[in-house]
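Novice: Below are the chains, spelled out letter by letter.
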Amino acid sequence: MSAARLEALAPSGQRGRPVYELRGVSKTYARRNIQALGSVDLTLTEGSFSSVIGASGCGKSTLLKIMAGLVPPSAGRVMLAGSPVTGPRRDIGMMFQQATLFPWKTALENVVLPIEIRDGKAAARAKQGEARALLELVGLKGFETVYPGELSGGMAQRAAICRMLITEPAVLLLDEPFSALDELTRDYMNMELQRICMARNATAFLVTHSISEAVILSDTVYVMSPRPGRFVEAVEVDLPRPRTLEMITTPRFGALVDRIRSHLDKGSFL
Amino acid sequence: MSDATLRAEPAPGDTVWVEQVSWFDRIPRSVAMALLAVAFIAIWHLVSNFGIVSPIILPTPAETLRHLIFVGENLLTGGYMLGSLMITLQELVISFALAIFIGFTLGVLVGETAFGERAVMPYLVALDTMPKVAFAPIFIAWLGFGIESKVALATFIATFPIVVGTAAGLHAADENARMAFKTMGATRWQTLVKMKLPMGLPQFFTGLKIAAVGVMAGVITGEFLGGGKGFGELIRVASTNLDTARVFALILYLSLLGLATFGLVVWLERKLVFWQRSSVRTAG
Chain F
6 MSAARLEALA
16 PSGQRGRPVY
26 ELRGVSKTYA
36 RRNIQALGSV
46 DLTLTEGSFS
56 SVIGASGCGK
66 STLLKIMAGL
76 VPPSAGRVML
86 AGSPVTGPRR
96 DIGMMFQQAT
106 LFPWKTALEN
116 VVLPIEIRDG
126 KAAARAKQGE
136 ARALLELVGL
146 KGFETVYPGE
156 LSGGMAQRAA
166 ICRMLITEPA
176 VLLLDEPFSA
186 LDELTRDYMN
196 MELQRICMAR
206 NATAFLVTHS
216 ISEAVILSDT
226 VYVMSPRPGR
236 FVEAVEVDLP
246 RPRTLEMITT
256 PRFGALVDRI
266 RSHLDKGSFL
Chain W
20 MSDATLRAEP
30 APGDTVWVEQ
40 VSWFDRIPRS
50 VAMALLAVAF
60 IAIWHLVSNF
70 GIVSPIILPT
80 PAETLRHLIF
90 VGENLLTGGY
100 MLGSLMITLQ
110 ELVISFALAI
120 FIGFTLGVLV
130 GETAFGERAV
140 MPYLVALDTM
150 PKVAFAPIFI
160 AWLGFGIESK
170 VALATFIATF
180 PIVVGTAAGL
190 HAADENARMA
200 FKTMGATRWQ
210 TLVKMKLPMG
220 LPQFFTGLKI
230 AAVGVMAGVI
240 TGEFLGGGKG
250 FGELIRVAST
260 NLDTARVFAL
270 ILYLSLLGLA
280 TFGLVVWLER
290 KLVFWQRSSV
300 RTAG
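Residue numbers (my numbering), protein chains in the order written: chain F, 6 to 275; chain W, 20 to 303.
A few of these clues could be false.
To be verified - Distance windows between CB atoms, simulated:
1) W:Val35 - F:Glu155: 33 to 41 angstroms
2) W:Arg197 - F:Ala260: 36 to 44 angstroms
3) W:Ala116 - F:Gly154: 46 to 54 angstroms
Said to hold, decoys possible - Taking lysine-lysine and the DSS-like style, the derived pairs with C-alpha atoms no more than 25 angstroms apart in a straight line are:
4) W:Lys248 - F:Lys132
5) F:Lys146 - F:Lys126
6) F:Lys126 - W:Lys201
7) W:Lys151 - F:Lys110
8) F:Lys132 - F:Lys146
9) W:Lys290 - F:Lys126
10) W:Lys228 - W:Lys151
11) W:Lys213 - W:Lys228
12) W:Lys213 - W:Lys151
13) W:Lys213 - F:Lys132
14) W:Lys201 - F:Lys110
15) W:Lys213 - W:Lys290
16) F:Lys146 - F:Lys110
17) W:Lys290 - W:Lys151
18) F:Lys110 - W:Lys213
19) F:Lys126 - F:Lys110
20) F:Lys126 - W:Lys151
21) F:Lys132 - F:Lys110
22) W:Lys213 - W:Lys201
Stated by the list, open to error - Here are some chain W residues pointing at chain F (derived, C-beta under 7 angstroms):
23) Ala199
24) Lys201
25) Gly204
26) Ala205
27) Gln209
28) Pro217
29) Trp294
Since the hints were derived computationally from the structure, they do not count as laboratory data.
Each residue gets a CB set at the ideal place from its N, CA and C atoms; glycine is no exception.
One chain only, chain F, in its complex shape (with noise of 0.2 angstroms):
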């Protein structure tokens, strides 16, 4: 598919400027020769919620990858707020499946160690008053100084948003953050996700393989076919924010999730 036809796919109208833009993006992983992502022009505006959804192996994380700077594409442009994204960025927050908090460090301790990382344990320490800001946004009031070993799965979850958040990133990328959890857990926390980002007014692109999840969260979902991982539609999501769990039973709903679904069914599985 050329990149005019999927521009003419992207929902027009959005709300704010752009903020992070692909440009034919391609992945081919030289040592086995295989093509992990084809072509893909993205742009995500600002505070939209997009989401990417795929079979497992479609490429939708080495995606990811790429737009964190973890990995460099072979071909193609990848911009964030006007510079070249060539490494790790503080202005790219990130979440991963694993809630990876780290066990010797107390829930505000993990929350600011980004900032420790990047600007030294004084910098760390004068943004703990930030950090309990943040603990408390998502719920987390009072397990300060819990260690990470007595915080259930969601909460665990929780107190990486808060990691994510600090350092006040421009994007907000979920590699299939709520995937661990059991599934009330899941749908509260998608919950919280909206809020917190419309909070905030965040770029959010998340990776998911729930069509429930894509729809409820974003304004557009783009569906990404395999080998070589591209993607085919992307589809905009009208319902009203804020979006509740009771949008789910609704017609429109049901109607979005069977249009994703149809183009799961022909392309992923071959």
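Assemble chain W onto chain F, guided by the hints.
Specialist: For chain W alone, kept in the frame of chain F given last:
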């Protein structure tokens, strides 16, 4: 919760099933340990007192106790045995410190650098498979009959477990933790110091515990083979004099020293690796 689950008394007609634990499994730990010790000493007493075994082979418990008290008095009053113990302790401390320093340095080299893993590790494995005690005569020839040769042997024995523990610890960090540190923009040094080393502490301490046992064996073996004035020499002399009860008493005091070394490592582990409970605990 319903009333039924809160009710303590079974209703008439209910079948009550109570898990049975035999009296044998219900003996408290301290009592069980004491019972076993009493049984052991009783059998020892019987075997040694009724001429079944010669006293040169196995002294009576009473004779051993007499020597225990004698050695204890000598140690407490600052006799010649205390001097020997101090020499052995000195060897032990120096060897352990050297083994930790060398072992940790080599462990980081092997665990963190490709050069260490590819070039250094094979030689370390080759050295480790050698019977290290066989090097004792060489160390004596090189370093003489003083404490240096004992320290060399004990350090040689205790270094390898620490190398392996440190290197294994540096590989303990999983892909997620590495990725998280990478996204935070951590340098290689920061990743090592702030993440890989703390993450690897449990493995490091496993190596340290093995080394704590090995360093004691190394020191005493060194003293057996290389003479000197240490506690091992006292044992060797008593053994030559066929004074088996004295040997038993000396070994008991020596094992207290070993236990203290091991206990110190376990204590330190609990302090530093507070987020993970140690799998090996000291007695008591």
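Novice: For every hint, state whether the structure bears it out.
Specialist: Now for the hints, and whether the structure bears them out:
1. W:Val35 - F:Glu155: 33 to 41 angstroms: At roughly 37 angstroms between Cβ atoms, F:Glu155 and W:Val35 fall inside 33 to 41 angstroms, so the hint holds.
2. W:Arg197 - F:Ala260: 36 to 44 angstroms: holds, 42 angstroms
3. W:Ala116 - F:Gly154: 46 to 54 angstroms: About 32 angstroms separates the Cβ atoms of W:Ala116 and F:Gly154, which means 46 to 54 angstroms is violated.
4. W:Lys248 - F:Lys132: violated, 59 angstroms
5. F:Lys146 - F:Lys126: The hint holds at about 23 angstroms.
6. F:Lys126 - W:Lys201: holds, 18 angstroms
7. W:Lys151 - F:Lys110: With Cα atoms ~40 angstroms apart, W:Lys151 and F:Lys110 exceed 25 angstroms; violated.
8. F:Lys132 - F:Lys146: holds, 16 angstroms
9. W:Lys290 - F:Lys126: holds, 22 angstroms
10. W:Lys228 - W:Lys151: holds, 18 angstroms
11. W:Lys213 - W:Lys228: This hinted pair holds, its Cα atoms lying about 23 angstroms apart.
12. W:Lys213 - W:Lys151: violated, 35 angstroms
13. W:Lys213 - F:Lys132: With a Cα-Cα distance of about 19 angstroms, the restraint between W:Lys213 and F:Lys132 holds, given a limit of 25 angstroms.
14. W:Lys201 - F:Lys110: Holds, at roughly 18 angstroms.
15. W:Lys213 - W:Lys290: Holds, because 18 angstroms separates the two Cα atoms, which is no more than 25 angstroms.
16. F:Lys146 - F:Lys110: Judged against 25 angstroms, a Cα distance of about 17 angstroms means the pair holds.
17. W:Lys290 - W:Lys151: At roughly 32 angstroms apart (the allowed maximum being 25 angstroms), W:Lys151 and W:Lys290 break the hint.
18. F:Lys110 - W:Lys213: Distance of about 10 angstroms is within 25 angstroms: holds.
19. F:Lys126 - F:Lys110: Answer holds: F:Lys126 to F:Lys110 is near 13 angstroms, not above 25 angstroms.
20. F:Lys126 - W:Lys151: violated, 45 angstroms
21. F:Lys132 - F:Lys110: holds, 16 angstroms
22. W:Lys213 - W:Lys201: Given that 25 angstroms is the threshold and the Cα spacing comes to 12 angstroms, the pair holds.
23. Ala199: holds, 4 angstroms
24. Lys201: holds, 6 angstroms
25. Gly204: holds, 5 angstroms
26. Ala205: Constraint on W:Ala205 satisfied, holds at 5 angstroms.
27. Gln209: Holds - the Cβ of W:Gln209 comes within 7 angstroms of chain F, reaching about 6 angstroms at its closest.
28. Pro217: It holds, given that the least Cβ distance between W:Pro217 and chain F is near 5 angstroms, below 7 angstroms.
29. Trp294: holds, 4 angstroms
Going down the numbered hints, you'll see the structure goes against 3, 4, 7, 12, 17, 20, while the others check out.
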